[in-house]
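Visitor: Next come the chains, spelled out residue by residue.
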Amino acid sequence: MRYAFLDEEAKKEIRRSLLKAIAIPGYIVSFASRELPVARGWGTGGLQITLAMINEKDTLKVIDQGCDGSVNAVNIRNFIKSVTDVNTTVDTKEASIIQTRHRIPEIQLQERQTLVFQVPIPDILETVEPNLGKQKLLHANKDYSKLWVLLYEDTSQFGDSRISNRYPVMVNHRYAMDPSPIPKYDTQKLGNCKALQLFGAGREKKIYAIPPYTNVVPLKFEDREFKVENFEGKSCARCGSTDSFLDEVYDDNGDTHYYCNDTDYCDSNLQIGDK
Amino acid sequence: MAYYAIKGGEEAIKNSLDFYGDITSKGENLDDEALIEALTFSIDKVISEGSLYSKKLAARAIKRSAGDMLNASFFLRAHRSSCQRIGISRTIDVNDMRLTRRISSAFKDIEGGQLLGPSNDYEIKLLMDLKDEDVNIEEYSNEDNVIKSALTPLRDDNLIKTLKKEESPWDITRNYPSAPYPRSAVLQVMSRGESGSLLTVGYTTMRGYGDVHPTIGDLRIGELDINFTHPFTKNEVKIGSIEATAVESVGTFNQDSEGDTKLTTGFGFCFGKNETKAISMSIIDLTLYNNTYSVGGDHIIAADFEMIMHHLDGIESFGMTNHFKLPHYVTFQTDYQIFRSAQKYSEEQKEEQRKEQK
Amino acid sequence: MILDMRGVSKVFGKFCPKCLETTGADFNSSICPTCKSVVGVNDVNLTLANGEVLGIVGESGSGKSTLLQLIYQDQEASLGEIFVKDFVGRDGEKKNILDANLNELSHLRNSLMSMIYQNPRLGLNYKFSAGGNIAEKVIMSGNKKYDEIRSRALYFLEKTEIPVSRIDDYPEYFSGGQQQRIQISKALSSNPKILLLDEPTTGLDLSVQAKILDLIKELQHEIGFAMVVVSHDLGVIKHLTDITVVMKNGQIVEKGLTDQILEDPQHPYTQLLVSSIL
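Chains as they are written, first to last, in the working numbering: chain R, 1 to 275; chain F, 1001 to 1358; chain H, 2001 to 2278.
For the record, the hints were derived by calculation from the structure and aren't laboratory data. Where is the CB? At the ideal position from N, CA and C, for every residue including glycine. Be careful, since some hints might not be right.
In the SDA-like style, the derived pairs of lysine to any residue whose C-alpha atoms are separated by at most 20 Å in a straight line are [what the hints assert, rightly or not]: (1) R:81 / F:1331; (2) H:2145 / R:176; (3) F:1350 / H:2168; (4) R:81 / F:1350; (5) R:234 / F:1331; (6) R:227 / H:2147; (7) H:2144 / R:160; (8) F:1014 / R:83; (9) H:2145 / R:163; (10) R:146 / H:2159; (11) R:136 / H:2105; (12) R:146 / H:2103; (13) R:12 / F:1083.
Cβ-Cβ distance ranges computed for the label pairs, FRET-style [what the hints assert, rightly or not]: (14) R:129 / F:1357: 35 to 43 Å; (15) H:2175 / F:1322: 44 to 52 Å; (16) F:1017 / R:112: 34 to 42 Å; (17) F:1179 / R:93: 38 to 46 Å; (18) F:1350 / H:2161: 53 to 61 Å; (19) H:2127 / R:274: 26 to 34 Å; (20) R:16 / H:2101: 25 to 33 Å; (21) R:93 / F:1351: 45 to 53 Å.
Partner residues aside, some chain R positions facing chain F, computed with beta carbon under 10 Å [stated by the list, open to error]: (22) 43; (23) 78; (24) 101; (25) 146; (26) 154; (27) 157; (28) 167.
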């Protein structure tokens, strides 16, 4: 088996697409997405980016819903390890490549780290215009009026946008971008991030990127607050954290408990506590 | 008390695969060759949707999937991805097919006759056995039957609309096009598309969502040789042969790009024996390139290139549909919070209105 | 000079060298005898001053609506130049708006100009509420403050006598006359310098027509934008415009002060039109 499963042509193609995407922050680049032994919709985009980039010196972390032990993360991590024999870790600080589904780690990322997002739907305009040809024109025209009117209508009816995750952002003052289904809580971490952020949609065959230190802001009215998920009055039952995204879990007695969604963050809090 | 609601994933996966292995192992002892012969239509569906002509691999994939054909096709696609591309064979002409079956609904009789071949068209679908009928075979020949398409006379008379020829065919597995989509890419998507998806879309045209009025001009099943130029000797050699189905449908007529009135046709083609799929494909091809304004209602799916190019691939739709089983508790948490906020806002608005009314 | 059109033509079809010379008012035909193309607009020259109201009158097929569409760029002109005040290229020199790039076109259609169509279906998005439609125009002209957007929508709805409580209703639930008024609100909400109106009251009840014409006239006096009104109805032209041009077979056959044209038409075709008023 070839190193990292993909043939050299495929890797070259993906790398070129990545370079183009990084050169134009937030712009969607088409690429020849290969079929993998993992199903479409299950992370083939993120996987192809990781496989095209990874080498023996890397340390890989894979999370799904913030957790390294989540079934999908385990599966993907095992697959990548089996075709590269790379070092893997659950420690966010140690990883050079972090492949993630639906969350950004709580611990701030540093320069030289790469965050690879698994993306189901690459174009934020899909919510208001499903036709791909029309989407391209709208992006070219910087015409995001449909997104703005949607925001207006939601605000007049419900006081705020109805969008819960995949909240639209403006990248580098130019392109409206789909940040993948991350919570609004994480949307704020996209801007001015020290790490490289790459987005891969395998099924839709698209790649886009946010280079480090890029301006990224959520699409919102100037005179309205960007409200994020609220965990007021709650804390992690395991490490006591009051400043992380919490999971609501029901135990066998029907009682509700809250735990840090980012399991590595929780672990490291405990370690700090121990010290 | 388990904090690790989803941790312990490794073990859970292992156990799950083990359980699944119990199911798929039941077919382990089925002989590949026997499967290829006995379940020939299943095998053909898998090589077509898997986009890889290997009946042996298809047999293995079907056993590994315990009969889930789409899953089996997925195995073949993944395998195809790992195969090295050596080169491109000579373009096949379906007129060279060694026929086992060839019919034309358009004509009562045609050169070479209506060769029914093995077909279940006239099968009465009763699961119980009927009396054994005596079979009388008059003539029997082992010679190759190669007959040109029944539409050839019409083509020779220049009555059939031809579309603009592309310089070189697109390859959707190397590069996925954006609109306007080259016809070679459109045909590739359909040829390896999921049979049921093509059936549904084709069916919509038959119920009024499209003005095509198809008649099957030529439906053929048989063997085609694959010829390849040897990379070193530069000689052309036959490297094998494939079984395939090809259908040419004739539609209505319209004006071509030169302003001449011509008959419209559509082409369907797939690996193995799959008449339903090839017929559907030819009708969708007809509809895509001959959409008219006056009939068919507002939105004709079969004439919409975006619908065809992005919704017919079984591996993609199957993956996306099933991905909803993956954990989505973070996104659900966000949905729930937004819902609660909106609820609160609505109630506050109502309260204010009530106060104003007093 | 707020609008300056020079040698503007629109040909539907092959467009051979004979098209413009062999069609027009004198030939009584818009169809080129050589190549069968249809000459919709034939070499039109027209200017509009700040705050001026220009009427374009003619029968169906005269090219008046097409001319408007060329200015707003709903259709692509075949030939000619159009200059709009303050619309300059990168070099600071005035630029032909027909050469505008996508960004510039967006600015033209969202900030400098607005169009009101005969059929509100063309000017409104029926998937947005009445307020949403106006919001779209306000947002695209640069405002991203919700409260301001909302109050602007309320302001114009009130101005056009649409009950403000219905701001969140969808267009299909309003009458034809009301839909037209919502369209007017939308068109004005971006503070355009030039308002283009294509048969704005055709198809509405006479009483509704009168109200809308009065409204447009009042708003024009109040805000002071320049206006180009296309109509086959001389009554509308008389009510709204200062200057009128008469079009036939894609060409301008007469131009002058509205009152003069209606009282003392010179061109035989204009005389025919004026005399046909019931």
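Visitor: Take the hints in turn and mark each one as holding or not.
Guide: To see whether the hints hold, each was checked on the structure:
no.	hint	in the structure
1	R:81 / F:1331	violated, 28 Å
2	H:2145 / R:176	holds, 18 Å
3	F:1350 / H:2168	holds, 16 Å
4	R:81 / F:1350	violated, 57 Å
5	R:234 / F:1331	holds, 19 Å
6	R:227 / H:2147	holds, 17 Å
7	H:2144 / R:160	holds, 14 Å
8	F:1014 / R:83	holds, 19 Å
9	H:2145 / R:163	holds, 19 Å
10	R:146 / H:2159	violated, 25 Å
11	R:136 / H:2105	holds, 17 Å
12	R:146 / H:2103	holds, 17 Å
13	R:12 / F:1083	holds, 17 Å
14	R:129 / F:1357: 35 to 43 Å	holds, 41 Å
15	H:2175 / F:1322: 44 to 52 Å	holds, 49 Å
16	F:1017 / R:112: 34 to 42 Å	holds, 36 Å
17	F:1179 / R:93: 38 to 46 Å	holds, 45 Å
18	F:1350 / H:2161: 53 to 61 Å	violated, 29 Å
19	H:2127 / R:274: 26 to 34 Å	violated, 57 Å
20	R:16 / H:2101: 25 to 33 Å	holds, 28 Å
21	R:93 / F:1351: 45 to 53 Å	holds, 49 Å
22	43	holds, 9 Å
23	78	holds, 8 Å
24	101	holds, 8 Å
25	146	violated, 17 Å
26	154	holds, 9 Å
27	157	holds, 8 Å
28	167	holds, 9 Å
Comparing the model with each earlier hint shows violations of hints 1, 4, 10, 18, 19 and 25; every other hint is respected.
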